[in-house]
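As you go down the protein sequences, you meet chains U and X in turn. Take the first sequence: its letters are residues -16 to 536, numbered as in our numbering. Take the second sequence: its letters are residues -16 to 536, numbered as in our numbering.
Misleading hints may appear alongside valid ones.
One copy or any two copies: either way a pair holds, since identical chains are not told apart in the list.
What the hints assert, rightly or not - Distance condition first, Cα-Cα at most 20 Å in a straight line; then the derived PhoX-like pairs of lysine-lysine: (1) K52 to K12; (2) K400 to K310; (3) K305 to K437; (4) K336 to K274; (5) K232 to K336; (6) K400 to K274; (7) K111 to K198; (8) K198 to K218; (9) K305 to K(-14); (10) K73 to K232; (11) K519 to K(-13).
Calculated directly from the structure, the hints in this document are not laboratory data.
There are 2 protein chains.
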Amino acid sequence: MQKKIVIVGGVAAGASAAARMRRMDEHAKIVMLERGDFISFANCGLPYYIGGVIAQRDSLFVQTPAAMKKRFALDIRTKNEVIAIDASAKTITIYDHNLGILYTEFYDYLLLCNGASPIIPELSGIDKQNVFLVRNIPDTDAIKEYVLRSSSQTAVIIGGGLIGLEMAEMIRHIGLNVHIVEASSQVLPPLDQEMAAYVHKELRNQGIDLHLQDKADSLLYDNDFVTHVQLASGKSISADLVILGIGVKPNSSIAREAGLRIGNLGGIEVDEFLRTSDPSIFAAGDVIQVKNLISGSDALFPLAGPANRQGWIAANNIVGPKMISYKGVQGTSIVKVFDQTAATTGLNEKTLKAMGIPYQAIHVHPNSSASYYPGAAQMTIKILFDPEDGRLLGAQIIGARGVDKRIDVFAAALRLKQNVFDIQEFELAYAPPYSSAKDPVNLAAYAAGNVVTKQVDLIHWDSISSYIDNNDAILIDARTAREYSLGSVPGAINIPVDELRSRYEELPKDKDLLVYCQVGLRSYIACRILSQLGFKVKNISGGYNLYTVINQY
Amino acid sequence: MQKKIVIVGGVAAGASAAARMRRMDEHAKIVMLERGDFISFANCGLPYYIGGVIAQRDSLFVQTPAAMKKRFALDIRTKNEVIAIDASAKTITIYDHNLGILYTEFYDYLLLCNGASPIIPELSGIDKQNVFLVRNIPDTDAIKEYVLRSSSQTAVIIGGGLIGLEMAEMIRHIGLNVHIVEASSQVLPPLDQEMAAYVHKELRNQGIDLHLQDKADSLLYDNDFVTHVQLASGKSISADLVILGIGVKPNSSIAREAGLRIGNLGGIEVDEFLRTSDPSIFAAGDVIQVKNLISGSDALFPLAGPANRQGWIAANNIVGPKMISYKGVQGTSIVKVFDQTAATTGLNEKTLKAMGIPYQAIHVHPNSSASYYPGAAQMTIKILFDPEDGRLLGAQIIGARGVDKRIDVFAAALRLKQNVFDIQEFELAYAPPYSSAKDPVNLAAYAAGNVVTKQVDLIHWDSISSYIDNNDAILIDARTAREYSLGSVPGAINIPVDELRSRYEELPKDKDLLVYCQVGLRSYIACRILSQLGFKVKNISGGYNLYTVINQY
Chain U
-16 MQKKIVIVGG
-6 VAAGASAAAR
4 MRRMDEHAKI
14 VMLERGDFIS
24 FANCGLPYYI
34 GGVIAQRDSL
44 FVQTPAAMKK
54 RFALDIRTKN
64 EVIAIDASAK
74 TITIYDHNLG
84 ILYTEFYDYL
94 LLCNGASPII
104 PELSGIDKQN
114 VFLVRNIPDT
124 DAIKEYVLRS
134 SSQTAVIIGG
144 GLIGLEMAEM
154 IRHIGLNVHI
164 VEASSQVLPP
174 LDQEMAAYVH
184 KELRNQGIDL
194 HLQDKADSLL
204 YDNDFVTHVQ
214 LASGKSISAD
224 LVILGIGVKP
234 NSSIAREAGL
244 RIGNLGGIEV
254 DEFLRTSDPS
264 IFAAGDVIQV
274 KNLISGSDAL
284 FPLAGPANRQ
294 GWIAANNIVG
304 PKMISYKGVQ
314 GTSIVKVFDQ
324 TAATTGLNEK
334 TLKAMGIPYQ
344 AIHVHPNSSA
354 SYYPGAAQMT
364 IKILFDPEDG
374 RLLGAQIIGA
384 RGVDKRIDVF
394 AAALRLKQNV
404 FDIQEFELAY
414 APPYSSAKDP
424 VNLAAYAAGN
434 VVTKQVDLIH
444 WDSISSYIDN
454 NDAILIDART
464 AREYSLGSVP
474 GAINIPVDEL
484 RSRYEELPKD
494 KDLLVYCQVG
504 LRSYIACRIL
514 SQLGFKVKNI
524 SGGYNLYTVI
534 NQY
Chain X
-16 MQKKIVIVGG
-6 VAAGASAAAR
4 MRRMDEHAKI
14 VMLERGDFIS
24 FANCGLPYYI
34 GGVIAQRDSL
44 FVQTPAAMKK
54 RFALDIRTKN
64 EVIAIDASAK
74 TITIYDHNLG
84 ILYTEFYDYL
94 LLCNGASPII
104 PELSGIDKQN
114 VFLVRNIPDT
124 DAIKEYVLRS
134 SSQTAVIIGG
144 GLIGLEMAEM
154 IRHIGLNVHI
164 VEASSQVLPP
174 LDQEMAAYVH
184 KELRNQGIDL
194 HLQDKADSLL
204 YDNDFVTHVQ
214 LASGKSISAD
224 LVILGIGVKP
234 NSSIAREAGL
244 RIGNLGGIEV
254 DEFLRTSDPS
264 IFAAGDVIQV
274 KNLISGSDAL
284 FPLAGPANRQ
294 GWIAANNIVG
304 PKMISYKGVQ
314 GTSIVKVFDQ
324 TAATTGLNEK
334 TLKAMGIPYQ
344 AIHVHPNSSA
354 SYYPGAAQMT
364 IKILFDPEDG
374 RLLGAQIIGA
384 RGVDKRIDVF
394 AAALRLKQNV
404 FDIQEFELAY
414 APPYSSAKDP
424 VNLAAYAAGN
434 VVTKQVDLIH
444 WDSISSYIDN
454 NDAILIDART
464 AREYSLGSVP
474 GAINIPVDEL
484 RSRYEELPKD
494 KDLLVYCQVG
504 LRSYIACRIL
514 SQLGFKVKNI
524 SGGYNLYTVI
534 NQY
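Model the full assembly from the supplied sequences, consistent with the hints where possible.
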C-alpha cells in the first residue's frame, strides 16, 4: 500500500524528515508544503550572510526545491500554506499563494514541521520599514539591502539572545554602531549571571552599547522610518535600523484549531514517538513542546540540532517498521560572540534553584591547549552537579578557543547521566596543540569531585559579603604579594600559598577562613593545608578572575 | 602515623602523584627521586621547542624542583637514581650523581614512576654525535644546538610514530629536508592503512621524503658523525643528522630485579589499584603494563594523559582513605601533522581482525563546520563497531579542523560503551562556525546505524577487485557525468543518482551492483533506491575520496 504523507514545512525538521522518508520508503507519496519561497535553507547562517562573513547568497540554500525533488522524488510545493486541518477527515486545506486558490489535500500521515515565529512586541512603530526580523531569506535580503543602500550608522537590537548577539556582531562587523537592549540583567538566558558577565565584557570591549535591565518603551518615527528607540530608563537612542531578536513562539495555531493537544508552553504536545494527540499526525521541530532531558519538565527548545533529529525520528516512525523514541532535549547551545565562544548544556543554576533541585557549582579557568603552546587561551568553565553523588546537571563555558570541544564532551556526559568521577576518567586526546594532559573537562570534574568528597568546602562570590558579616569570617588572598598589590578584594589579607606552612599561626582557628587566588587552584591547595591543620576554611569558587568580571560587567 | 612515601621519577605520573599526595596528606613524608636534572617538564612540548614554535626554553618547565618543593613540601632529589629495591626490607639503594655516592632509603610505600626509554636499534654508528633521541631536556638542547650551529641540510628520522612525525614537521619547519624511514607500510600504527594514507598524503605534500616498508640497515660515518643512512632497499640517504623515534620500552628492570611481577609486554604488572605484586609498592605511568579498556588485552600505552591519571590514582590509593580503581586505557591519541590532525581512540581494524573480534567499519567525510561557513574543512572519519548491536569499538579521524573535538566525543562514547544508536542521539553544540545541525559524530553514527539495521550493505575498497572477479559484479559511479569525466574508477559505469529512477532498467537484477560516489552519501541513496527496487546492491565505503588517497599514497 502506497502511503501518502504530507509534510508541512520544508526547512530543518521538514526537509530532514522528507529525505529520510524517501530513503526508507521508495514507494510512498510524499508531499512537502512550504509557505515561503525556499526550503531547506541555512537558517542559522542568515546573520553571517548579512554580515558578509558568508559572501555568497547561494551558499544559504542547502537544497533547492528542484534539486531536492529530483534527488528524493518529492512533491514539493512552495508558497503553499496550510490554513486548516480536518483531522477526522484526514484532509488539509491549503492556500496556494502562487495561484491565489484554496484547495484540499488528503493524507494518510501528516507531519507538522511548521516551526516558530519571532515574537513581535506591541510597540507603535514596530511595523515601520527599518524594523527587521531575522527569520528567513526575504528578511535577510531586506536587512542587507537596507544597510547597503542607506547610510545607516546605528542599529538597535532588541533582545540579547542567540540571534540578538549574532546580529550584534555582524552589524558591528559591517561598521555600524550597535546597541543591544535587554530587559533582564544579562544576555544569553541559558547562562547564569556570572558567566554572562564574561559575555558582557566581550560585547563592551568590542564597542557594543549594552543596555541591560532596560526595554524599548516606544519607537519614535518619521513617516515610514523609526528614528529613535525610547527606553524605559528614559534613555533615547538614535536608530537607523532596529532588529528584533526577542525570541520565538511555536506556530501551533493551526494544530490548536484542529483540536490537537497543545502544551502549557504553547507548543504542540507529542508523545515519545513525536505523535500528536491524533495518531495520524506527527510533529517535529520548533513547533513542538518537548521534555527537558535532565529535569523532565516541559520545555521549548527551538534549536536546529534537535529539529533535525526529530524530523529524522518522525520520518522513521511514520514509514516504519520500527518506532524510535525521542528522549528529550538537554539544551546544548553555542554562540560566537566576536572573539569569544559561549556554550551551555543542561540546567543552569537559576533553573536548579527555581526548581528546588539540590546542586553544587564549581568554576575553573583552564587553558584551551598546553599553556606553553602558542595560542593557548584561558576559558571559564562552570559545572553544576548533584552535591551527594556528583551527577552532572549542567555545564557552561566561555572562552576564546576550544569551548565547542569541551561543551560537546560535557553534553555527551550529561546525556549519559555521568557523575563527575566518571568524567575524571574520560581519556581525551592530548598533544600540546590541542589540550593538556588533564583536559579542561577532566580538570573541572576533578574540582567538582573534591567538593563531593568533601575535601574542600566552596563558597561563591555572591554570598561572600553576607557570609563575612554574619560569621565574622576572614578573607585571605593566597596569591603572591605582587599579584595582591596589583588589585585585590577589599578587606582581604595576603598570605601567599607558599608561605602558608610558615605563617598559619597568624590565623585564628575559631573563625572561618575564606580563601581565593587568581583562578582557584592555589586557594584549593591552601584550603587543603589549612583544613588538615585544623582550620575552618572555604575556597572561593572562580577566584579573583571571576570576581573582577562580575564586578566590572 | 606519618607515612614515608618514596616516588621514583618526577615527570608526569610522579609529579602528579606527589602533588595529589600532599593535598590529601599534609603530614606524610614524601621523597621524590629523579635521575635527571629536571622534574615535571613538558615532555610532549620538546619537539615544538626544537622547531621554534615554542620560543622560550623556560616554558618547558611546568614546575622547577624549588617551586614544587615550596608548594608541596616535598623532599625532591634530582640526579638521584634508584639502582636497587629490597622489597622485603622496604629499602632502596640510590646513586646520587651530584655527590657520586650510594645510599639507602627506607620507605613505607614506594611508587615507581620511572617511565620508559627510547628503543635504540643495534646499528653501527648509532652512538655518533649527530644521532639523537627526543626524550628529555638535554636531548632537546643537543638537537637544537646542533641544528643551529651546523649547516645541516638533511635530517633522517627513523620511525613514523607520534614523535617521529612531530619531529619531521618541526625539523622541516626549521628549513631542513626531512626523510622518514618507516619499516611498516604506514606511519602512525594506531591508524589503519587507508587512514594513514591521508597522513602520507600530507607528509608528501609538505615535502617530506617518506620511505615506507624500508629500514635503516646501517649508518655510514666519518669520524664522529654519521654521513649517510643506508636503507634495506638499497637507497642511501645523505644525512646531516639522524633522529630516532622508534618507540619506547618500560624502565622495568629495577622492578624485575627486585622480584616484582613483570607483564608479558615488559611493563610492571599492577592490579586495578596500581599496586605491584608487592603490596607496599605501587607503579604508574609509562613503566606499567595496563589493560586495554575495550579488548581487555594487556597493553603498553606510554601516553601523558593516562600517566597523569594513574599518578593521581596511585597517590589516592597510597594515602587513602578510599581505594580508586583504574579501569584501563583506551588509547586515545592525537598528533598534528603539518596542517592536518590525525586522532584515534579504541581498537583499529588491524587489531580487531587479529583478535577475531567481529566488526564492521564505515568511512564518512563530513565538514568541520557548516559547509557554507568560511574555513569549513572536510575530514575523514572511520568508526568501527559491533555489526550486531552497533557498539562502538574504535574511531579514527583525520582532517584540517575540528578533529580533536570529534575524537574526544567518540572517546567519551567509547569509554561509556555506547552503541551507534546512542551516539546518533548525542545533542552536540551547533552554530555555523562550529558544526552542522548533524555533527560529524552524529553523521558517522547515522551511517553506521544504517549498516547495523541492514538498510545498506557495505563493501570496502580493499575487497572490491576480488569481489568483482568472483561475483561478476558491476561497478557504478553515482556521481554526475562531469565528476565522472574528471576521473573515475576503471571499469565503473556512470549513472548519476538523480537519473537512477529513470534508468534502473538498464541494470541487471541478477548481478551485484557496487556503487560509489564522492564521499558515500549519494551512493547510499542510490543503494536505498536500488535495493527497494529489488536489486542486489552494496555501497562502497568512503567513496572516490578514499579511493584516490589509497591509490596515490
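Going through the hints against the structure:
no.: 1; hint: K52 to K12; verdict: within (12 Å within a copy, 75 Å between copies)
no.: 2; hint: K400 to K310; verdict: both (13 Å within a copy, 19 Å between copies)
no.: 3; hint: K305 to K437; verdict: between (47 Å within a copy, 13 Å between copies)
no.: 4; hint: K336 to K274; verdict: within (19 Å within a copy, 43 Å between copies)
no.: 5; hint: K232 to K336; verdict: neither (25 Å within a copy, 53 Å between copies)
no.: 6; hint: K400 to K274; verdict: within (16 Å within a copy, 25 Å between copies)
no.: 7; hint: K111 to K198; verdict: within (18 Å within a copy, 76 Å between copies)
no.: 8; hint: K198 to K218; verdict: within (10 Å within a copy, 76 Å between copies)
no.: 9; hint: K305 to K(-14); verdict: within (16 Å within a copy, 61 Å between copies)
no.: 10; hint: K73 to K232; verdict: neither (26 Å within a copy, 72 Å between copies)
no.: 11; hint: K519 to K(-13); verdict: neither (71 Å within a copy, 27 Å between copies)
Checked against the numbered hints listed earlier, the structure breaks hints 5, 10 and 11; every other hint is satisfied.
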